[in-house]
Amino acid sequence: MDCYIGIDLGSTTTKAIYIDADEKILGRGITNSRSNYDIACQVASEEAEINSRFALLKRWVQADVTLKAVSEELLAWLEAKYKLAQHLKQLTALTETCLADAEEVKQAKEWSHVPKLLDQIFAQMRTEAVEIFLPNAKSRSDFFRDMASSGFMAHVEALAKNDSKLFDKLIAIYDRAILKVESRSYASGFDEYIQWACEEVVRLPQFKKYEAQVREVTSRVSALEFNPLNTIGTGYGRQRLPFPKEQIRSEILCHGLGAHYMFPNTRTVLDIGGQDTKAIQVDAEGIVTNFQMNDRCAAGCGRYLGYIADEMNMGVHELGPMAMKSHKQVKINSTCTVFAGTELRERLSLGEKREDILAGLHRAMILRAMSLLARSGGIDDEFTFTGGVAKNQAAVTALKKLVEENYGTRILNISPDSIYTGALGAALFAKRDRSGEMAKLDLSKLTKKVASH
Amino acid sequence: MSEVNDKSVEKEESMLLQKQMIADHFKALSKAKENNKKVVYTFVPGNLNELIWALDMLPVHPEINALQSAMRKKSGGYILEAEKAGHSEDVCTYVKCDIGMMRRGNVGPTGDPLPEPDLLLLSYTGCFTFMKWFELLKEEYNCPVVMLHVPYQAEGKVTPQMRDYVVKQLKEVVIPKMEEISGNKLDLDRLGTFLESSGRAENDLVAVWESAKNKPSPIDAYFGGVYYIGPIFSAFRGLPEAEIYYQTLRREVEERVRLGLGPVTPDGVMKQEKYRLVVEGPPNWTSFREFWKMFYDEGAVVVGSTYTKVGGYYSEGFRHSGKYPLESLAEYCLGCYTNHNLSDRVGILEKYIKDYDADGFVINSIKSCNSFSAGQLMMLRELENRTGRAGGFIESDLVDPRYFSAANIKNRLESYFQMVEAKRGGRRAPESTL
Amino acid sequence: MSVKQIIDECERLFNDLDFSYVKEWKKRTGKKAVGFMPVYVPREVIHAAGMLPVGIMGGGADLEIIKGDAYFQSYICHIPRSTIELGVSGKLNVLDGMLFPAICDVIRNLSGMWQMLFKDKYVKYLDLPQNFDKTIGGEFYKFEMRTLAEDLAHLGGEPVTADHLNRSIQLYNDNRRAIADLYKLRAEQPHLVMTSEAYLLLRAGIVMDVEEHTQLVRRYLHDVTKEKRHKMDNIRVVVSGAFCEQPPLALIKGLEQSGCYIVEDDWVLGARYIEGDVQLAADPYESLAQAYLFHAVANASKYEDQHEKGAFLVDQVRRLKAEGVIFCAPSFCDPALLERPMLADALTREKIPYTSFNYSENTGQFSVFKEQTGTFADSIKLWGHS
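Residue numbers (our numbering), protein chains in the order written: chain A, 4 to 456; chain B, 26 to 459; chain C, 20 to 405.
These aren't lab readings, by the way, just hints derived from the structure by calculation. Honestly, I wouldn't trust all of these hints.
[Said to hold, decoys possible] Derived DSSO-like pairs: lysine-lysine, alpha-carbon spacing no greater than 27 Å straight-line:
| # | chain 1 | residue 1 | chain 2 | residue 2 |
| --- | --- | --- | --- | --- |
| 1 | C | K50 | C | K161 |
| 2 | B | K210 | B | K56 |
| 3 | B | K299 | A | K248 |
| 4 | A | K141 | A | K86 |
| 5 | A | K331 | C | K86 |
| 6 | C | K86 | A | K334 |
| 7 | A | K212 | A | K71 |
| 8 | A | K394 | C | K86 |
| 9 | B | K202 | C | K161 |
| 10 | A | K356 | C | K272 |
| 11 | B | K196 | C | K153 |
| 12 | B | K63 | C | K328 |
| 13 | B | K240 | B | K299 |
| 14 | C | K110 | C | K46 |
| 15 | C | K86 | A | K403 |
| 16 | A | K334 | C | K110 |
| 17 | B | K182 | C | K153 |
| 18 | B | K435 | A | K248 |
| 19 | C | K250 | C | K272 |
| 20 | A | K119 | A | K183 |
| 21 | A | K86 | A | K71 |
| 22 | B | K240 | A | K248 |
| 23 | B | K448 | A | K27 |
| 24 | C | K140 | C | K161 |
| 25 | C | K370 | B | K109 |
| 26 | C | K45 | C | K140 |
| 27 | C | K42 | C | K138 |
| 28 | C | K110 | C | K140 |
| 29 | A | K168 | A | K119 |
Make the full structure from the sequences, and use the hints.
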């Protein structure tokens, strides 16, 4: 199946999008950006491919007269088991890496019991994984690293409660291992995982009678070949992407085009990401006509909130909801990140409420964005807000109010998939850029390159 | 893929000439005391070079020392030295670099110590910081200062009263002081001869600027341009050496036009001219090569720049002349780029964009230099409105390596070039987006 | 009117960014008003043209900057942002013109921005001479002032005759004397004249009609002596560097609360820029020029031609028996921050202690400053000085 790929290598996450020849989105993939950019990019891309296959699988299952009746439950089980397979594969790799390390560690007598302890921990983590990866399990992280780390930490804390030396030792082994495991991709074995998932699923009583159809549809989706005709990379780390220059686009252009695709009447885009804030103007075709980015000062970006969260000893996702509770917003003068911290402490010591201060801080941050928007040429209808901060309700509320006050009524678009805006724009450029079609990106080569690292 | 060929760069004759001139000048400076020559420190904008030569004194330009220090990667240390001595992180880094350099022995770009000034000639033209700079140097050197206050062209014109004010200062304050320090009497005819020579060199320089109207442009009027202004902005305006330099340069450029060649870059001759740009603002000196590379790697050529007009507004018609020497000097001082109001500055940029058929313009906003920078965001918008061409905005500093973020600037420039390309694609070849 | 009422009235004027006083004045008199930026303009000329000179000292601590930031990079001081904010939000529509004296490159360029933004308003960059010779800088300045007077006449003001101008000079001389008395009293009895009150009186003076203001200051001086205010164990300091962008009122109060009696300062400097009277003469422009050239306070925006750098500050400290200096300047203020090391050197030579910090007009946190000046005050109290 012909497709086009867009990859957005951001400072915290790497995103990939597959689109088909009709510019329809096939699938999305996301992973945490890591020190190895090649791997992050490969993993995101493979996740997007898997996501594309599942999208097709879903279409086929729903279209199948026999399977239609159980489609929802079946798909949920297949996906859960698939993810479990992939997770277990990585867990195995992690176990092996830790044990290899432990072989050396145990030369010292005091650490002779370490391999046994590790065996024990990982065995328990495998058992737990089965529970975590059930169709209706409570939300879990998308990233192996997060899940493995919290699981491992819980066990080590219990095991080495009174032995800080042991605790440090085990954590050190783990830290070394996870880095190694993360530097490889475990997303590429679709065939292997889906077959395993299929075996697991058909064994379940409720799907017994559909065994033949399930086997057929899974092997059909497995056999499907994706033929990427062109790949375009973008994002903060795009210079590090293993692409030739023709296949790299600035995130400004990609954001503009991606936002245009999601909301075709978009004329102004505001993106507030972790590292920077962008104000972009686009024309009726989604082509960027003007843009402004924040300067050296970080006051207007997501990092500002991160800094405030640290100051307040809160999670960054808790800030917005708390600020929404405010009835009396405190005016924060300092748009400087450093001064905002001092001002924050001073306000707290004066007895101001946390929610009121937070409401003021959100407004201060949005004010910075307003000035970037003004620099770029103002806010035209429709106005699309993207980036991580677009998920923060307090920031959205402050933005709406200021836009209304300064520019009048504007339609404000926020997509739940806004994190993929840049990758989507890149995929569209991949599709539209004829010259680029010549230079296909060979992911297998990339894999080889990575493996030889 | 680089847009330039790999041929090792041949040094052109004009480059070699300039190198020699600079070496000779610094040699003369290092021997100033033994040859009993008096040394005048003065600024580039509004400098009175012909007057300095006519009184047989030797000029030193502290801004040039600062930028040379930056290109030799020494400015960072000098700036820290000045900040340790109580200078704020907020203020001009040219000043701090100069003060730091002095405190560390005042060694010039050729490695020889610079002579201390016998006179600080404060041509207060288009930059407030100049005044503070020489007040600071006065404290350090404990030597006389003479102030030449050049009024600002707030209304976009030079009035007779403004010119008279400058001429009167020259006659009654500046020249007497220089005569006193140098021990020489000013011969107006001799001054006139230097001024006439300046005028001739200026003619050739303007021809070089205007060559950028060709496609491809044979010169880069910003990154290459800063080399072209070297002799005329510094010690050599008024001297036969400058005349020879500009004749040579002009010949070389005309030859490039005949051969249809693009500009010479540090990586060789640029092959394809993809973007023609006008640039506002001084360059960054600490990463000058890297900064330039971000342009020529993308096939971007600067066809017009305002920074190369800070030491003289020659492309707008001004020439030094021996006929009315003091009036000529006054007109020169009053006309330097940053002595023009914002509306005039927008006007000149607009003119360059149109006359040189530029695809757009880039503003390099310099932290140190409020004279340039304050108001540039408004200039950006005004210019976009007037020309309909794309404007790019980047930020850096003159000589403070802490304020050059290569990744940030490259990111913005790339986005800018791609925006120009996408706009052009939309305009000229819509089918390419199918 | 009690002291409190006087000060409340001043504070109301200080906080009023809608300039209702100016609106009412214009309505009452049918005349025009011309704004001016810090540091110094010859207000006498505006007054003589029958207009109200209105000082625009930025937007203060509480003005939210929504549009103004779009015009300036982060490394430029705050006052042009808030001034643009006031301008583009229409709050300065009440002014028929705006003067930008030569302070620094930022304010100079702001004059050009103003020309482009407000094409229907009178805008003048007032180029104050940096040559202090009567026949050179003096003549140039006289021409600048005459041009201003002609421009104002064109704008609908009255022709500025010698008589008019002499009368205005007289009124401003009275005002300068009243303010000089205020500062003298504060230096003598700093516990009586609180700095925040002196400051608010000065701020009122750049908005109000000059005669009305002189009366207000006189009444304050009369009434304040009757107040019962306690002496504190504070040190006496001179504050330097705040001549353009103004510190927030809370910061001024904070300095005093931290244990410092401010016996001299340079905020609202234009009101005290000329020392002594301007002479009444057949050519009053000549008098104004001479006052500017020879009787003006030392200031970072002005070239130091006549004295040793720092001599003026050292003299203030000595004369007023101050125990130290607080350098308190706006962030990114080129004149003040480039001047500071030279002044600091002069103080060091004289063994006068000092401390320094930077603020912006909308600084929202004061505990750090108070801590710093409080420690400075304590160290002087404990160990004394030269």
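Exercise. A/K141 and A/K86: Cα distance at most 27 Å?
Worked result: 14 Å, holds
For this session: Could you grab the alpha-carbon distance between B/K182 and C/K153 and see if it respects the 27 Å cut-off?
Result: Between B/K182 and C/K153 the Cα gap is close to 25 Å, so the pair holds against 27 Å.
Exercise. For the pair supplied as a hint, C/K250 and C/K272, is the alpha-carbon distance within the 27 Å limit?
Worked result: Holds: C/K250 and C/K272 sit about 16 Å apart, inside 27 Å.
Problem set entry | B/K448 paired with A/K27 [C-alpha distance capped at 27 Å] | 25 Å, holds
For this session: Sort out whether B/K299 lies within 27 Å of B/K240, counting only the CA atoms.
Result: With a Cα-Cα distance of about 11 Å, the restraint between B/K240 and B/K299 holds, given a limit of 27 Å.
Problem set entry | Pair hint outcome, B/K63 versus C/K328 [Cα-Cα no greater than 27 Å] | 25 Å, holds
Exercise. Are the Cα positions of C/K50 and C/K161 separated by 27 Å at most?
Worked result: Distance ~25 Å between C/K50 and C/K161 Cα, so the pair holds.
Problem set entry | Agreement of C/K86 and A/K403 with the hint, judged by alpha carbon distance not exceeding 27 Å | 16 Å, holds
For this session: Compare the distance between the alpha carbons of A/K331 and C/K86 with 27 Å, and conclude whether the hinted pair is satisfied.
Result: 24 Å, holds
Exercise. Are B/K196 and C/K153 close enough, with their CA atoms no more than 27 Å apart?
Worked result: 15 Å, holds
Exercise. Has the given pair, A/K394 with C/K86, been kept, meaning a C-alpha gap of at most 27 Å?
Worked result: The hint holds at about 25 Å.
Exercise. Within a Cα-Cα threshold of 27 Å, do C/K370 and B/K109 meet the stated pairing?
Worked result: Cα-Cα ~20 Å, so holds.
Checked against the numbered hints given earlier, this structure breaks none of them.
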